[in-house]
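Participant: Sequence:
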Amino acid sequence: MPVPKRKSPIPDHNVLDLRRMWEEADEEPKRHWPHLGQWLARGPRRRYHQPSIAKHDWVRWRREVGKFFIPWLGLLIVVSAMFGVRQFHQFLQSVERPAASGFQALRAGGTALSQFHDEEARQAFTFASERFSSAAEILQRPWLHWIARWPRLPLIGAPYRSATAALRAGQSLAAAGSTLSDLLKNAPAGQPAVTVESSGYMHGSIGVLTSLLQKPDQFQSGVGHLVAAASAAEEIRPQDVPGAYRDELVMFQRLSSAVIGSHQRLSDMVQLLSGIFFAATPKEYLVVFQNNDELRATGGFPGTFLLVQFDRGTFKVLDAPGTGPYSLSDQIPKNMRPPQPILAVGSSWAFQDTTWFLDVPTSASFMLNFYEQARGFEPDGVIFLTPQIVETLLKITGPIGMPNYGVSVTADNFVAATEDQVEFHYDKAVNKPKQFLLDMMPALIGELSHLGGQQGFQAAASVIEQADEANLLFYSRDQKTEQAASSLAWAGDIGKPMGDFLAVTDSNLGGGKTDRVIQETISTNINLQPATIEHTVTIIRHHQGDPNNTLQNFTNRDFIRVYAPANATLTDISGESVPPDGFFFAPAPGTATPATLTAAEGQELLDPNRGIRVTHESGKTVFGAWSILPLGQQQTITFRYTTPRNPDIKSASYTLDWQKQPGAPTRTWTLAVTPPTGNSFATVEPASLAQAKGSTLTFKTDSQFSQTFGFVLKK
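Just so we're aligned: 1667 in this note's numbering is position 308 of the sequence shown, and the numbers increase by one with no gaps anywhere.
Honestly, the hints are just simulated from the structure, not real lab data. Even for Gly, the Cβ is constructed at its ideal location relative to N, Cα and C. Among the hints, a few may not be true.
[To be verified] List of simulated lysine-lysine pairs, DSSO-like, C-alpha gap at most 27 angstroms:
1. Lys1574 / Lys1675
2. Lys1791 / Lys1693
3. Lys1855 / Lys2059
4. Lys1855 / Lys1839
5. Lys1839 / Lys1574
6. Lys2074 / Lys2059
7. Lys2073 / Lys2052
8. Lys1675 / Lys1791
9. Lys1675 / Lys1544
10. Lys2074 / Lys2052
11. Lys1675 / Lys1839
12. Lys1574 / Lys1544
[Said to hold, decoys possible] Distance windows between CB atoms, simulated:
13. Pro2003 / Asp1771: 46 to 52 angstroms
14. Lys2074 / Leu1965: 42 to 48 angstroms
15. Thr1914 / Thr2025: 21 to 27 angstroms
16. Asn1772 / Thr1682: 20 to 26 angstroms
17. Thr2025 / Pro2045: 17 to 23 angstroms
18. Asp1905 / Lys1754: 22 to 28 angstroms
19. Thr2025 / Thr1895: 20 to 26 angstroms
20. Thr1928 / Ala1788: 52 to 58 angstroms
21. Thr2057 / Asn1926: 23 to 29 angstroms
22. Gln1814 / Thr1914: 40 to 46 angstroms
23. Asp1670 / Gln1888: 56 to 62 angstroms
24. His1622 / Arg1596: 23 to 29 angstroms
25. Gln1623 / Asp1670: 26 to 32 angstroms
Whenever a hint applies, use it, and build me the whole structure from the sequences.
Facilitator: Dropping the structure here:
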């Protein structure tokens, strides 16, 4: 039975009827112009000159045709798009097959490379390059050029961009892998990383670095490919990547930003490593372990050090005293008067107190000079590191057993275990309290040398991240090496910004192992005036040590310094501790302030009644005061000072460089800025850390890295 037709829900006037339309068009002019016949006799060309009629007919034609064609045109576009998207995604699957085999070959090449199977790695990387090239050829087909021209097309633009970026990243990684395979052809795969002689001294090889640094130009080429791979990987959306590779992509994106960065950054790394580990002549560096549980300006108390000779990829420990810096005390003349606050711990200047200056090159120079006085020669540089770097590496290697000491060292107990052995459980007869750390280092280096490719990459990333956080710092007397460290921001030198500057340092002087249990927040208020800038730096400290912990229940004795621009003028310091009578040692007889110290600190202004001190270091004015904080108590210290508005900078802009103290535990740091009356904030950087409330702009950070803050004012 035939199905009866349903009446169309569309009104008749929406149905296209060209015949009726033309009839109506003929009749309508007759109603408006009785003399139509005369008008028609003039010929059709005159009709063009009747705008009302021409416009009327065109509007009706467009309306009627639109009623019919627009819905069908929309449907046609949707259907075509659906078909095109489906065809496009099927096409991407054809690209995925060779790309997937290319990434599998990359995996195999990386595994072979980590095992020093250079020929196997080279073959895998060559195959990977070929597969990526095949996939790239598919994406270069002519009909895809329109996607390349309009890459933000919905549904297909993003997958296309991810696909092309993934292939570029794969090709660059394959090229980098091939280069590294050639460089590692003769790497000493079976050679142990560290050998400990019966005498206790260590030597070893950094074989992989040796092979890489033997041909710096070729290594730089490989570096360039890695940078290109990292840049391409940033353009890949994880959701566009097959699930089997997604986690690896995310990890590579996260780590490559820290490990690789820019080409200049990697070039500086190569220069730094070459200058230290693979110089033309042997180089000797002090490797100083600083305990940031007892903070000093460069990262912590230098309780343990090694003198290490690096000779074209090998190293040898030449000096590793079990008593640390105290082994040098009898060999250094006691005729140098220290910076005044150091008299709180001794009557003369000692090796362990040379890291007084926030500017690491200055502190390192004093340390090398003191070592020369003790040993008769000056090493080529200093490498400073703090416990954070060891803790980070232990998270990757896992626990390290120390059976001779009855302890297993982990990332969580490293500091506590080391302090326990150094302070209480060392062999009193042998009297080498630092030996525990000296024995642990070869075990840690050995574990690191056996890490696989992915873990090795994570370890390298961790070391670089710690250097970026100023927990690993380098000083070299070689100008090119020092310049590379400075370019990487790994030299710890005080910056010379054109704008404002601020740094806050803590120096624990006789306050026990307490700085890791001091909760400290720093709030800075900047009030911009037409001619001056008013600064208020408020430091709140809370001693949260465990009363049952022998090392934490000490009173924290901290000399706090605020580093400000050279033209800063102190207004007031409030809330500071006043050192009691007998707090300081009397200077040892015959001591004098060395000329090098006077040059480093400039003219000293000292208020002996309050312990407040003003000096000038590295082009900065430095205000200092004491914080003597018993267990469980809290203290608020406020520094107020002014600086003139910088005439070299447009009055509408302002920048402040905040420099983190090396080794300092994570702390909350806040900057609040009040603009001049009638001004507001136009541009703010970094915007992610900024929050505006009323007329005040506030920045807040966890202080892991040094930061630059800035804004532009508008009226």
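Participant: Does the structure break any of the earlier hints, and which numbers would those be?
Facilitator: Nothing - there is no hint that the structure violates, so all of them hold.
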